[in-house]
Amino acid sequence: MKGLLNRAAVVWDEVGPPMLYVYMLGMMAVIAGILTTAMTLQYVEGELPCPLCLLQRAAMLGVCFGIIQQFRHGFSYTNTGVSLIFSVFLLIVSVRQTLLDIYPRPGHEYVGSAVFGLHMPVWSVIIAVCLITAIAFQLIVWGGQSPSREKRVSHYPSLRAIARVLSFYVIAVGVINFVSVGVQCKFNQCHTFSYQLLD
Amino acid sequence: MMFIVFAVLALALVVGGLGHRRLSLCLIFLFFVLAVKQFLWEIYSPDYGFRMPWIQVQLMNDNAVSASTV
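Here the protein sequences come in this chain order: A and B.
Going by the numbering used here, the first residue of the first sequence is number 1, and it counts up by one from there.
Going by the numbering used here, the first residue of the second sequence is number 200, and it counts up by one from there.
Just so you know, these hints were derived from the structure itself, not from any lab.
Glycine included, each C-beta is placed from N, C-alpha and C at the ideal position.
Among these hints, one or two may not hold up.
To be verified - Covered, in the sense of this in silico footprint (three residues per stretch, anywhere, with C-beta under 8 Å from a C-beta of chain B), are these stretches of chain A: (1) 7-15; (2) 45-56; (3) 68-75; (4) 89-100; (5) 162-173; (6) 178-189.
Work out the full structure: start from the sequences and follow the hints.
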């Protein structure tokens with residue numbers, strides 16, 4: 001029995017680190033997909049994001065920052081903490097926005113169209129809860145495993161290539177959003193009527 | 200202000216992507232502080248402050264409580 005457990009521990013030390021990187025790649029791919037959908041709705045459908053929507057995008061990019069650092073410098077609790085704090089920030093902003101518009105009043109209704117019957121801030125609450133749960137699960141499964149900290153993503157060439165492409169894509173999304181906010185808000189307060197730089 | 204928040208975020212992402220860990224962590228911390236400040240500024244209302252009176256439930260008076268428990 002003890003030998004079997006030792007054997008299982010050896011196998012887990014081998015497969016654990018690449019599984020962790022696949023797991024984090026999955027998390028970042030989902031966030032990149034959500035941000036891409038939000039940007040498509042903005043640029044194709046003409047639905048300008050509200051200020052709190054922009055902060056939710058920024059929080060998601062903050063979560064991605066922590067994951068990119070995991071790929072760049074290896075697994076550490078500092079990077080996990082960065083992702084976690086931005087997940088909590090996303091939850092606070094999205095819950096506040098949901099509560100802000102939950103009771104219909106003049107000038108207070110959900111911005112943009114509903115996706116599967118739910119508006120963006122409500123989706124953001126679900127996304128934030130999923131992210132916090134995913135990070136907790138990550139710490140439970142890989143938190144105590146030292147090989148995860150020793151074996152960087154560079155040990156696995158195919159995973160490294162995917163991580164590089166996805167990291168570059170997320171950084172590009174961040175830069176595009178920065179330019180977009182400049183066009184939408186300039187140095188003024190943001191609103192959803194028009195792009196202030198183009199007026 | 201939102202422009203500055205996103206400028207710091209984009210800079211943190213680019214610097215972090217280039218591998219400058221300490222500088223990028225400083226920038227992401229600065230971004231976090233600015234984002235929290237921006238959030239508090241956005242939700243503050245001159246009339247309500249940070250409260251949300253439109254979702255406050257009416258407090259039940261003692262009579263209603265005693266009537267419901269009968």
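task = Output the numbers, in ascending order, of every earlier hint that fails for this structure.
result = Going through the list in order, the structure violates hint 1 alone and respects the others.
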